[in-house]
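Participant: Generate coordinates for the entire structure from the input sequences, incorporating the hints supplied.
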Amino acid sequence: MNFIFMLTHADSTIDNALDYVDQLSDTGLRYIGFKDVGATPERQREIAQAARAAGLETMLEVVSTTREAEIDSVHAALAAGVDWVLGGTQPDAVLPLLAGSKVRYCPFPGRVVGHPSILEGSIAEIAASAATLTAMAGVHGLDLLAYRHESVNIEDLTRAVVAAAAGPVIAAGSVVRDEQINMLSSAGAWGFTIGSAIFDGLFPGAPDVAAQVRHVLQVADAS
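Residue 23 in my numbering sits at position 23 of the sequence shown; the count goes up by one each step and never skips.
The set of hints was computed from the structure by calculation and includes no laboratory data. Just to be clear, a hint being listed does not mean it is correct.
Claimed, not checked - List time: in silico SDA-like cross-link candidates among lysine to any residue, alpha-carbon distance up to 20 Å:
| hint | residue 1 | residue 2 |
| --- | --- | --- |
| 1 | K102 | R30 |
| 2 | K102 | D83 |
| 3 | K102 | Q49 |
| 4 | K102 | A135 |
| 5 | K102 | I71 |
| 6 | K102 | P168 |
| 7 | K102 | G167 |
| 8 | K102 | P91 |
| 9 | K102 | H75 |
| 10 | K102 | Q90 |
| 11 | K102 | G138 |
| 12 | K102 | A137 |
| 13 | K102 | M136 |
| 14 | K102 | R52 |
| 15 | K102 | R45 |
| 16 | K102 | E57 |
| 17 | K102 | A76 |
| 18 | K102 | A79 |
| 19 | K102 | D92 |
| 20 | K102 | H140 |
Facilitator: Here it is as structure tokens:
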């Protein structure tokens with residue numbers, strides 16, 4: 001399973017994100033990400049350029065809560081040259097902006113509210129949303145806020161979305177234990193993100209960020 005390390009805390013890009021890019025280049029990490037909130041377009045471009053120089057693929061996750069801000073964020077993502085755009089809830093506005101680019105687009109399925117983002121709705125509703133979104137030309141996969149749902153069984157939710165989606169499913173947010181990674185893998189998720197939990201030192205190897213990243217990669221490889 002694929003691990004995306006997010007240079008973020010509490011759904012916002014950290015101020016010193018650039019400081020971590022070089023030290024992660026020899027961990028075996030392949031994907032690195034950041035949010036549209038907390039970093040200016042200029043800083044997003046700097047992070048993407050540094051990550052590319054380190055041999056990493058870049059993912060920008062859109063967590064803005066208005067249509068206008070989401071459009072601005074996608075323009076900034078294109079200017080920064082990221083490889084993936086994750087999240088967001090306005091595919092009708094985003095898809096024309098990404099047309100002709102090589103950016104892989106994975107929006108949020110289901111009903112997403114607030115910041116930090118929360119997922120709402122029944123499993124059936126979210127799975128139906130997953131099917132609808134991935135049937136749209138230009139949608140590569142999905143960014144599922146699995147552990148941001150407050151009431152449903154997370155494994156059942158993930159399995160249902162994976163089964164409904166015509167593309168890879170990334171589980172985003174609130175992964176803080178090895179057991180969660182193993183469950184997401186068994187449910188068929190293509191990948192998962194971790195940001196805050198590593199900066200909070202919740203994984204073996206803490207407080208060293210690179211050591212925690214290596215641990216998570218080992219768990220993902222073995223799952």
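Participant: If a hint holds in the structure, say so; if it doesn't, say that too.
Facilitator: Against the structure, the hints come out as follows:
1. Distance hint between K102 and R30 is fulfilled; the C-alpha atoms sit about 18 Å from each other, no more than 20 Å.
2. A C-alpha spacing of about 7 Å is found between K102 and D83, which places the hinted pair at or below 20 Å, so the restraint holds.
3. As the CA atoms of K102 and Q49 are separated by approximately 16 Å, the hinted pair is consistent with the 20 Å bound.
4. As the CA atoms of K102 and A135 are separated by approximately 18 Å, the hinted pair is consistent with the 20 Å bound.
5. Using a Cα cut-off of 20 Å, the hinted pair K102 and I71 holds, with the two alpha carbons roughly 18 Å apart.
6. Our distance criterion of 20 Å between C-alpha atoms is met by K102 and P168, whose separation comes to about 16 Å.
7. Distance check on the hinted pair: K102 and G167 sit about 16 Å apart at the alpha-carbon level, within 20 Å; holds.
8. Between K102 and P91 the alpha-carbon distance is near 16 Å, which keeps this suggested pair within the 20 Å criterion.
9. For the suggested pair K102 and H75, the alpha carbons sit about 14 Å apart, so the restraint of at most 20 Å is met.
10. Of the pairs offered as hints, the one joining K102 and Q90 holds, with about 19 Å between alpha carbons and a cut-off of 20 Å not exceeded.
11. Between K102 and G138 the alpha-carbon distance is near 10 Å, which keeps this suggested pair within the 20 Å criterion.
12. A distance of roughly 13 Å separates the Cα atoms of K102 and A137; the hinted pair therefore holds under the 20 Å criterion.
13. Our distance criterion of 20 Å between C-alpha atoms is met by K102 and M136, whose separation comes to about 16 Å.
14. Annotation: proposed proximity of K102 to R52 holds, straight-line Cα distance about 15 Å (limit 20 Å).
15. Between the alpha carbons of K102 and R45 the distance comes to roughly 17 Å, so the proposed pair stays at or under 20 Å and holds.
16. For the suggested pair K102 and E57, the alpha carbons sit about 13 Å apart, so the restraint of at most 20 Å is met.
17. A hinted pair counts as satisfied when its Cα atoms are at most 20 Å apart, and K102 with A76 qualifies at roughly 15 Å.
18. Note on K102 and A79: the hinted pairing holds, with a Cα-Cα distance of about 13 Å set against a maximum of 20 Å.
19. For the given pair, K102 sits about 18 Å from D92 by alpha-carbon distance, which is consistent with the 20 Å threshold.
20. Restraint check for K102 and H140: satisfied, since their Cα atoms lie roughly 11 Å apart, inside the 20 Å limit.
The structure is consistent with each of the numbered hints, conforming to all of them.
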